[in-house]
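Participant: Heads up: the sequence shown begins at 111 in my numbering, then just goes up one per residue.
Just so you know, the hints here were simulated from the structure itself, not pulled from any lab data.
Treat the numbers as computed from the prediction; the structure is a model and nothing was measured.
You may find that some hints are simply not true.
[Unchecked claim] Okay, the calculated beta carbon distance ranges per label pair:
{"id": "1", "residue 1": "ARG180", "residue 2": "GLU205", "range": "10 to 20 angstroms"}
{"id": "2", "residue 1": "LYS198", "residue 2": "SER128", "range": "22 to 32 angstroms"}
{"id": "3", "residue 1": "GLY162", "residue 2": "PRO197", "range": "19 to 29 angstroms"}
{"id": "4", "residue 1": "ALA211", "residue 2": "SER128", "range": "26 to 36 angstroms"}
{"id": "5", "residue 1": "ILE160", "residue 2": "ARG189", "range": "15 to 25 angstroms"}
{"id": "6", "residue 1": "ARG193", "residue 2": "LEU159", "range": "15 to 25 angstroms"}
[To be verified] Here are the simulated lysine-lysine pairs, PhoX-like style, with alpha carbons at most 25 angstroms apart:
{"id": "7", "residue 1": "LYS201", "residue 2": "LYS166"}
{"id": "8", "residue 1": "LYS177", "residue 2": "LYS143"}
{"id": "9", "residue 1": "LYS166", "residue 2": "LYS125"}
{"id": "10", "residue 1": "LYS166", "residue 2": "LYS177"}
{"id": "11", "residue 1": "LYS125", "residue 2": "LYS177"}
{"id": "12", "residue 1": "LYS177", "residue 2": "LYS201"}
{"id": "13", "residue 1": "LYS143", "residue 2": "LYS166"}
{"id": "14", "residue 1": "LYS201", "residue 2": "LYS143"}
The C-beta atom is built at its ideal place from N, Cα and C for all residues, glycine as well.
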Amino acid sequence: FYSKAIDGVKATVPKNESLLCVLLQNSAACSLKLERIQDAEDACNEALLIDGAAIKALFRRSQAREKAGRYGEALLDIREVMRLQLPKQDKATVETARRLA
111 FYSKAIDGVK ATVPKNESLL CVLLQNSAAC SLKLERIQDA EDACNEALLI
161 DGAAIKALFR RSQAREKAGR YGEALLDIRE VMRLQLPKQD KATVETARRL
211 A
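Input sequences plus hints: build the corresponding full structure.
Facilitator: In structure tokens form, the structure reads like this:
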């Protein structure tokens, strides 16, 4: 299922950039489930080129970087997520920040 979703994003490139950003973030989530860590990070990077404040892309890139053992980079991403979520952070973000700190 996840592989088909990723292939679908790669096969169609919507002209609407906000839709493409969402699809890339979803593709990153699928890649994480499949342990395709670099693919997940790449999808997040593409999404962030479209919208530098895409919280899900930053959060998922943090997850990918953590799984790759790049904790410092993961922490930078999660801190940016927390900054963008001010004044209220969600539970997953706070837990990730605590784990990486």
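Participant: Determine for every hint whether it applies to the structure shown.
Facilitator: Do the hints match the structure? See the list:
no., hint, verdict
1, ARG180 / GLU205: 10 to 20 angstroms, "holds, 19 angstroms"
2, LYS198 / SER128: 22 to 32 angstroms, "holds, 23 angstroms"
3, GLY162 / PRO197: 19 to 29 angstroms, "holds, 21 angstroms"
4, ALA211 / SER128: 26 to 36 angstroms, "holds, 32 angstroms"
5, ILE160 / ARG189: 15 to 25 angstroms, "holds, 21 angstroms"
6, ARG193 / LEU159: 15 to 25 angstroms, "holds, 19 angstroms"
7, LYS201 / LYS166, "holds, 14 angstroms"
8, LYS177 / LYS143, "holds, 12 angstroms"
9, LYS166 / LYS125, "holds, 21 angstroms"
10, LYS166 / LYS177, "holds, 16 angstroms"
11, LYS125 / LYS177, "violated, 32 angstroms"
12, LYS177 / LYS201, "holds, 19 angstroms"
13, LYS143 / LYS166, "holds, 15 angstroms"
14, LYS201 / LYS143, "holds, 20 angstroms"
Violated hint: 11 only; the structure is consistent with all others.
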